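*Asks:* Given these sequences and hints, build the entire structure.
If you're matching them up, the sequences are chains A, B, C and D in order.
Position 185, counted from 1, in the first sequence is what UniProt numbering calls 185; the numbers after and before it change by one each time, with no gaps.
Position 247, counted from 1, in the second sequence is what UniProt numbering calls 247; the numbers after and before it change by one each time, with no gaps.
Position 95, counted from 1, in the third sequence is what UniProt numbering calls 95; the numbers after and before it change by one each time, with no gaps.
Position 152, counted from 1, in the fourth sequence is what UniProt numbering calls 152; the numbers after and before it change by one each time, with no gaps.
Note that these hints are calculated values from the structure, not bench results.
These figures come from a predicted structure and were not determined experimentally.
Since copy identity is lost for identical chains, a pair holds within one copy or between any two.
Straight-line distance between alpha carbons at most 16 Å, and here's what the computed EDC-like set of lysine to aspartate or glutamate pairs gives:
no.: 1; residue 1: Lys166; residue 2: Asp85
no.: 2; residue 1: Lys301; residue 2: Asp244
no.: 3; residue 1: Lys301; residue 2: Asp234
no.: 4; residue 1: Lys21; residue 2: Glu34
no.: 5; residue 1: Lys126; residue 2: Asp282
no.: 6; residue 1: Lys126; residue 2: Glu34
no.: 7; residue 1: Lys126; residue 2: Asp75
no.: 8; residue 1: Lys126; residue 2: Asp280
no.: 9; residue 1: Lys126; residue 2: Glu103
The chain contents come next:
Number of protein chains: 4
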Amino acid sequence: MAMTGVLRPGHAQLRVLDLEKSITFYRDILGLVETGRDDRGRVYFKCWDERDHSSLILSPSDSAGIDFIGFKVLDAATLDQLERDVRAFGIATERVPAGDLLETGERVRFRLPSGHLFELYAEKTKVGNGLPSVNPPPWSMDADRGMAPIRFDHCLLYGPNVQANKDLFLKVLGFHLVERILGPTEAGEPEIGIFLSCSHKTHDIAFVEYEEPGKLHHLSFRMPTWERVLRAGDIMGMNRVPIDIGPTRHGVTRGETIYAWDPSGNRFETFAGGYEPYPDGDPITWTFEGFPHGLDYPQGKLHESFMTVVT
Amino acid sequence: MAMTGVLRPGHAQLRVLDLEKSITFYRDILGLVETGRDDRGRVYFKCWDERDHSSLILSPSDSAGIDFIGFKVLDAATLDQLERDVRAFGIATERVPAGDLLETGERVRFRLPSGHLFELYAEKTKVGNGLPSVNPPPWSMDADRGMAPIRFDHCLLYGPNVQANKDLFLKVLGFHLVERILGPTEAGEPEIGIFLSCSHKTHDIAFVEYEEPGKLHHLSFRMPTWERVLRAGDIMGMNRVPIDIGPTRHGVTRGETIYAWDPSGNRFETFAGGYEPYPDGDPITWTFEGFPHGLDYPQGKLHESFMTVVT
Amino acid sequence: MAMTGVLRPGHAQLRVLDLEKSITFYRDILGLVETGRDDRGRVYFKCWDERDHSSLILSPSDSAGIDFIGFKVLDAATLDQLERDVRAFGIATERVPAGDLLETGERVRFRLPSGHLFELYAEKTKVGNGLPSVNPPPWSMDADRGMAPIRFDHCLLYGPNVQANKDLFLKVLGFHLVERILGPTEAGEPEIGIFLSCSHKTHDIAFVEYEEPGKLHHLSFRMPTWERVLRAGDIMGMNRVPIDIGPTRHGVTRGETIYAWDPSGNRFETFAGGYEPYPDGDPITWTFEGFPHGLDYPQGKLHESFMTVVT
Amino acid sequence: MAMTGVLRPGHAQLRVLDLEKSITFYRDILGLVETGRDDRGRVYFKCWDERDHSSLILSPSDSAGIDFIGFKVLDAATLDQLERDVRAFGIATERVPAGDLLETGERVRFRLPSGHLFELYAEKTKVGNGLPSVNPPPWSMDADRGMAPIRFDHCLLYGPNVQANKDLFLKVLGFHLVERILGPTEAGEPEIGIFLSCSHKTHDIAFVEYEEPGKLHHLSFRMPTWERVLRAGDIMGMNRVPIDIGPTRHGVTRGETIYAWDPSGNRFETFAGGYEPYPDGDPITWTFEGFPHGLDYPQGKLHESFMTVVT
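*Replies:* What follows is the structure, given as structure tokens:
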């Protein structure tokens, strides 16, 4: 948790085309827990082992993609301070009232240089993970319902101005750079991909340079083990969920992963593994030539759909 | 072990183009144990947990592919009986003298309807798995050398006359049909792929209908677990071994697998899992339409290189 | 599958004290599938991935223990031949009529020198594993219900005359000796434990020398992986199933295992792993001094309850 | 990483009785990397995937146990601030000069209410994990040398005044309480065990109430998976390392673990798993009656040696 008080990715609002199909997909196939619906037609989900009310909000729309991503911060004082710091950095912020999102307090919202709507909030109702807080078992029946990821882990966002994002996240929000991907040598090797952490996870958010602003590459959900990643892949096969790549391992972050698409064409990831990078570490660099193994370490292939398809 | 006394796949002789590169690959990268060299330039290997002298023989050549595959049988009497039975079936056999292959007894050799040279033998020197036979530990240092498969498991061979092969293996050699793949409906759904077992493994040998005789699709090596399959994939990435498909799971046999190519372009497999089919079971059928999930259960894709490349 | 035509452990009838509690335990906690009840109050179960009607029969009784164990053989001709061979060996046999056990054909029954009732049969109705026989997925919802073992694997029986049992199984029934445990040096190192296989499993049945005849050490159920063994242990914890030993690994057979007791005090095992010994292999020996690591390879302890408690 | 700037457990100095035996144990059996020796006879080690120079220092002595544990903090300013805060809390501190420990900067040292010597430091030379920082593979040969833990994870310390420790760690050092164990109801249920985190690990340090001050229950080393925990157990068996408990799973923190003793009788742990508790979470409570499952979730037993043996 960053020294600034930013804790973790808290929630993402995802645009879906067919709400009923999407509910079935996220609840029964991915295996999230539905926790609410609001009067704007949005449906709220959490992963079984998360404690907060919701981490994924589905919003019916004509186009797929991500509406906004929100990170939880330590408390209201932290929220106020970060709001001041973001404004001082030159980015306008607005406050979204408590309750605008069910069970969630005020959100400080601003638009990243990459075009994405980003939020910070301090309050979200705790609903628990279904296990008692006294003498609990290590898991519940929910752990086998669908793919049953344990948490919403991060998202990878595509948009312009990756370097400006990096400045904001590192200097203002207190993230640290864990891994980065360089562009082609002939273009002077700019950083075209950055993996940022506010914790000792390999990334809490990531950005890749892309012409169009505000695009989603994937929302990522954490699985406990590589064996559970395979089980997720089996469930995708059983339900004809179209897979992009995997099972495989990324060189980048060492994650053991499968990427696939939800019914609206939004890409999601189910992954396990990684390592534990702290803020005092040195970032890992992937060159343009080395990146095929960064994407798919065993195969060393640049899978085209993975590189190009976004919502 | 088939009631006829056929025990298991015993050895395969593989043609390789660059002997030194191949030795380095099979010994250090795949992680087999070198057990001998003969005066015909052949190099002999076994998997670390196998007891017999060798299961893979590399033979230097101008063209890649498989020279022959041999199965071990219970004893000399069994060998004699099977020789009689194969001849009675209408297939000519010859005897290859003991010692022609290092540390191996006489081999009864014949050509399958698919064009492949097939052998049966009763004797091969036991060299052990490096562990004591009294109070042994469960593994040795060899278990971490390279990918370190535990045994040569089976091969999949491409050639014509799959049905004639099936007759021979089922009626004469005592195998049972575990799974089968049907051809296109419009072609009348012939059986174009068969997975045969002389044990309770999902297959000890498999054939796919193909115009050219005597072709090798892959030699398969067994890994203990899905985690070790990933480790094998990592080692392939580290050594730039070109991967065909995987990691993934087959619907056919449920195997958890990676396929890749050796330096000569011969395909090999490192796999785990499966199930235990006995001779009293009923075969599983994959239709032409269902086969994409049979090949890659999560992805449900017909990977073209997997379907077409053989040596 | 032994050259004699003996295929695998087929069924075991277990005496239970409280039928309702036992049904709940075997169906909901261990996670077997109930397949029938007969007019003698017996309840029939199979493991989810087994094809035959039943592999465990619970029989209400005043005392726990095993009534009989039955192995499936290839066909009626095999059954007849084995009946002749057992009689020729000097052991009286009787035929139990078809239907005496639900969905099961005639059984040839005889009493082993160790006092145990042993049966062979050729017919049992196939009910399938719940998956289609065309284009099946690799598992079903049943695979997560309770501990969900994939098959009834073997039992370990305690009784006198282990050497006489060994003669019968090796010479008449066609099993091979995979591992053996020696007694104390001062007693002349008799073989006090034997692990016998009619397949390439590490054991299909095992015997340990014991004064009282006809005792059950444990019934064993196979789990797909070490991770699923831990999950079974978690389920035992959740349900307060008393564990004897484990999770751990045996040196003997390398099995990764937990032993625990059912509500009647019958011991059962949930295990994964092992290796693939063929009839042409050489048995592994555990000396009396080495046996602590044979029992519990990491800990090297002779757990007293494991050694002494039987039903 | 706590908002105060405390990052992680950095190093522990352990007293060992036979230095040569201990070096062999920690280097070859546990599988740490030796990184230095100093003129006071101390030997320095790191886990293969750690970046800093050392995390375990062996100090030859007449008695086993722990000399001190040090945590890394963000920078020198953080070190100064924490020094002030600890003093303001009423605990005297001293500065140990840079270089007193090889490759380590100044340490702020103080004695905890439990009697343990505790340190904070900001600088330690980075030696890397043996992998390149550009296009790295996911692991190296070091990952298979011995048990090869990936990091020094935490220690559990026994001593009096657990509540005073809790105040210091929570109010001054910025840790959060993740799990706690209550004492007997008849004694008024005091908190006798506390698991504290300065990150989203289940614990970075833990304390249990005990009469004698300054005692070590165990040093803990992290393994990547449950399969690697079994491998560690196998290595313990091969090397006759005496195991205390395991393999098993704790209810407390859900960790999948084995505990054993080094040649001096210091207990160490090799574990995997857990979950990700953030500072905004609510602690889990284990009652005195519930603690058997907290210790060993499957078995639900209070293993006596685990409870009582300390150095």
